[in-house]
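Chain A is already provided as a structure; the job is to place chain Y on it using the hints.
Protein chains: 2
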Amino acid sequence: MKKLINDPADVVTEALSGIAAAHPDLRVDLDHKIVYRADAPVQGKVGLLSGGGSGHEPLHGGFVGPGMLDAACAGEVFTSPVPDQMLEATRGIDGGAGVLHIVKNYTGDVMNFEMAAELAAADTGVEVVSVVTNDDVAVQDSLYTAGRRGVGVTVLVEKLAGAAADEGRDLAGVAAVARRVNEAGRSMGVALTSCTVPAAGRPTFDLPEDEMEIGIGIHGEPGRRRVPLAPAREVAEMLVEPILADRDFTGDGGALLFVNGMGGTPLLELYVMYREVSRILAKAGVSVARSLVGPYITSLEMAGCSVTLLQLDDELLRLWDAPVRTPGMRWGA
Amino acid sequence: MKKLINDPADVVTEALSGIAAAHPDLRVDLDHKIVYRADAPVQGKVGLLSGGGSGHEPLHGGFVGPGMLDAACAGEVFTSPVPDQMLEATRGIDGGAGVLHIVKNYTGDVMNFEMAAELAAADTGVEVVSVVTNDDVAVQDSLYTAGRRGVGVTVLVEKLAGAAADEGRDLAGVAAVARRVNEAGRSMGVALTSCTVPAAGRPTFDLPEDEMEIGIGIHGEPGRRRVPLAPAREVAEMLVEPILADRDFTGDGGALLFVNGMGGTPLLELYVMYREVSRILAKAGVSVARSLVGPYITSLEMAGCSVTLLQLDDELLRLWDAPVRTPGMRWGA
Chain A
1 MKKLINDPAD VVTEALSGIA AAHPDLRVDL DHKIVYRADA PVQGKVGLLS GGGSGHEPLH
61 GGFVGPGMLD AACAGEVFTS PVPDQMLEAT RGIDGGAGVL HIVKNYTGDV MNFEMAAELA
121 AADTGVEVVS VVTNDDVAVQ DSLYTAGRRG VGVTVLVEKL AGAAADEGRD LAGVAAVARR
181 VNEAGRSMGV ALTSCTVPAA GRPTFDLPED EMEIGIGIHG EPGRRRVPLA PAREVAEMLV
241 EPILADRDFT GDGGALLFVN GMGGTPLLEL YVMYREVSRI LAKAGVSVAR SLVGPYITSL
301 EMAGCSVTLL QLDDELLRLW DAPVRTPGMR WGA
Chain Y
1 MKKLINDPAD VVTEALSGIA AAHPDLRVDL DHKIVYRADA PVQGKVGLLS GGGSGHEPLH
61 GGFVGPGMLD AACAGEVFTS PVPDQMLEAT RGIDGGAGVL HIVKNYTGDV MNFEMAAELA
121 AADTGVEVVS VVTNDDVAVQ DSLYTAGRRG VGVTVLVEKL AGAAADEGRD LAGVAAVARR
181 VNEAGRSMGV ALTSCTVPAA GRPTFDLPED EMEIGIGIHG EPGRRRVPLA PAREVAEMLV
241 EPILADRDFT GDGGALLFVN GMGGTPLLEL YVMYREVSRI LAKAGVSVAR SLVGPYITSL
301 EMAGCSVTLL QLDDELLRLW DAPVRTPGMR WGA
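Order-wise, the sequence lines are chains A and Y. Here full-length UniProt numbering is used: the first residue of the first sequence is 1, the next is one more, and so on. Here full-length UniProt numbering is used: the first residue of the second sequence is 1, the next is one more, and so on.
Quick caveat, the hints were computed from the structure, so don't treat them as lab data. A portion of the hints provided could be inaccurate.
Stated by the list, open to error - Which chain Y residues stay away from chain A? Per the calculated CB distances, all over 12 Å, these:
{"#": "1", "residue": "D246"}
{"#": "2", "residue": "A284"}
{"#": "3", "residue": "D313"}
To be verified - Using C-beta positions, here's what the derived DEER-type ranges look like:
{"#": "4", "chain 1": "A", "residue 1": "L30", "chain 2": "Y", "residue 2": "G285", "range": "19 to 27 Å"}
{"#": "5", "chain 1": "Y", "residue 1": "L30", "chain 2": "A", "residue 2": "R202", "range": "39 to 47 Å"}
{"#": "6", "chain 1": "Y", "residue 1": "Q140", "chain 2": "A", "residue 2": "R247", "range": "54 to 62 Å"}
{"#": "7", "chain 1": "A", "residue 1": "L30", "chain 2": "Y", "residue 2": "E211", "range": "26 to 34 Å"}
{"#": "8", "chain 1": "A", "residue 1": "D248", "chain 2": "Y", "residue 2": "D84", "range": "42 to 50 Å"}
{"#": "9", "chain 1": "A", "residue 1": "D246", "chain 2": "Y", "residue 2": "R202", "range": "33 to 41 Å"}
{"#": "10", "chain 1": "Y", "residue 1": "L317", "chain 2": "A", "residue 2": "L229", "range": "46 to 54 Å"}
{"#": "11", "chain 1": "A", "residue 1": "T250", "chain 2": "Y", "residue 2": "L30", "range": "23 to 31 Å"}
{"#": "12", "chain 1": "A", "residue 1": "D25", "chain 2": "Y", "residue 2": "V82", "range": "41 to 49 Å"}
{"#": "13", "chain 1": "Y", "residue 1": "E209", "chain 2": "A", "residue 2": "D10", "range": "19 to 27 Å"}
Being a predicted model, the structure only gives us computed values, none of them experimental. Glycine included, C-beta positions come from ideal geometry on N, C-alpha and C.
So that you can see chain A by itself, here it is in the shape it has in the complex (with noise of 0.2 Å):
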């Protein structure tokens, strides 16, 4: 295993100083494990909560500051935070307005984020709204969703709430929001290699030189199948044509095209694939008016890279273009 790290065991806790030294504008409860925006709570504004496994950055600690998140739970790696976390960390943003937790459908995710909320409903009398997002085609079920897993859409619930929230909105508004975004988008990923876990010290899963995985999960989990290798607009089409086939991104307000790097695929790379996926949805008649091209939630070091299709209106594209501050993404502030 070839990793900048000193201990497995403490690479999540590490990791998490490393961000409070680098990112004055954010303050680190290493304890429990939670990134704030240093000025947390902010009185009268819903609070954005959110968290799970670490090893998926800049999800979800990168999204923490102004205009996304006002705090994130780290567990370990591929590993869900635990109630604890989320209990204290809904308590600490909870600015009078009640918190809204987002949370991907991952069974352990959703289990500890549901004791949470019922927890702050009895200790602290904090209202909480939990919002699932599950917006990936490739599978129903899997090793560790009942449904589908909440992928690529989730930076953009994040992005989209936390504009919502900034514009004064109330829990309930808010929650819309992020449940209109969820229902909006659709995304599905394909992998090249493995990562490595660095508890676990080995490769996930073993992935033949000639094969790829298409449907894969964030964590590694099985896809829809593998096929052999093949070029980028191959890729393009296996991935955006069960996007188009469950979901019409034809709407007025044009669509935002996320193309996501896993983490080991180069830049380059994703740019090759953007401008695939672009042609065939000027093909398929959907209109692209916004873009991000990045990692953003990845999975290690794995080589590969995700699709999301976010179908947008006058709302949601005002919300986008507002401005954010946090080390992951940042634009107007």
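Just chain Y now, with coordinates in the frame of chain A:
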């Protein structure tokens, strides 16, 4: 070779086509392989041009936009662009105040940019000044270089000279900032794996499973030495010690600490490295005033990282904090 590409011969052109599709603020000349800001030339402003071999993205094309470069020329992967491209781009961004060429110190790049500057003077009357970056303390002379190689500081020169041009400084003034940044910056890198140039189809070099290369070049050219894998805290020592031995970074303005990913190393590991480097700097009396963490000057999918330190002062702090709007670096605008 596992890559999301079509024909290896088309990678650069197709990626540029993807950049054009994804970023309406940019204009791409596919024939000359030039990325321009869409509103170039900006009248009255000094134009900033850089460029080099592809495979280091987001450098340079991802740093085109307000606050950084006016244009970037893309060569084939790890191959210098040619003088014709540079001449065309120089013409295209001259707004009457002259053009600064920012050149990484590699023999091909330096020779081709020199020729382009001569052609520009002879054919067009555009005034050109060139600044060569050579911040890599690892080696004196190397496979492709006379003198030290230009690496991470190039990103910082593009940001800081870009901000100086935005402030309305003249060509001599912008070039002076660029030279001062190069003089005040030092870098050193490490590779855990090789990368694979698409046209070659196999790894550039072999690195055994239990070794890493200290002082690696961004094209995989040899560094100082191969050593057994070591914990992050020891790797950090091996990178920082030669930097601190080469220049003093205890000046009043504090330092900018830039921990750069080579392409295949997850952000989680970069933050572990950031932590280790910042602890060493604290012990050495170096105060970190600004930070940059992420893959900004890469070597395709190479696993590894580099550390760049830049001595700041009031002027450089102000220029660093100035707004920038490019695909690869964006804030405050």
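C-beta pair Q140/Y, R247/A: status relative to the range 54 to 62 Å that was hinted:
holds, 58 Å
Indicate whether the distance between the beta carbons of L317/Y and L229/A respects the range 46 to 54 Å.
Cβ of L317/Y to Cβ of L229/A: about 48 Å, so the range 46 to 54 Å holds.
Cβ separation of E209/Y and D10/A, checked against the hinted range 19 to 27 Å
Check passed, 23 Å falls within 19 to 27 Å.
Has the hinted range 42 to 50 Å been met by the Cβ atoms of D248/A and D84/Y?
Given about 46 Å between the Cβ atoms, the range holds.
Evaluate the given range 26 to 34 Å for the C-beta pair formed by L30/A and E211/Y.
Given a distance of about 33 Å, which is inside 26 to 34 Å, the answer is holds.
Consistency of beta-carbon spacing, L30/Y to T250/A, with hint 23 to 31 Å:
holds, 28 Å
Would you say the C-beta atoms of L30/Y and R202/A sit inside 39 to 47 Å of each other?
holds, 43 Å
Holds or violated: 41 to 49 Å for the Cβ distance of D25/A and V82/Y?
holds, 43 Å
Verify the CB-CB distance for D246/A and R202/Y against the hinted window 33 to 41 Å.
holds, 39 Å
Check on A284/Y being off the interface with chain A, judged by Cβ distance over 12 Å
holds, 15 Å
Would the non-interface assignment of D246/Y survive a Cβ cutoff of 12 Å against chain A?
Given that every Cβ of chain A is farther than 12 Å from that of D246/Y, nearest at about 22 Å, it holds.
If I claimed the Cβ atoms of L30/A and G285/Y lie 19 to 27 Å apart, would that claim hold in this structure?
For L30/A and G285/Y the Cβ distance comes to about 25 Å; the hint holds.
Every hint, counting from the list given before, is met by this structure.
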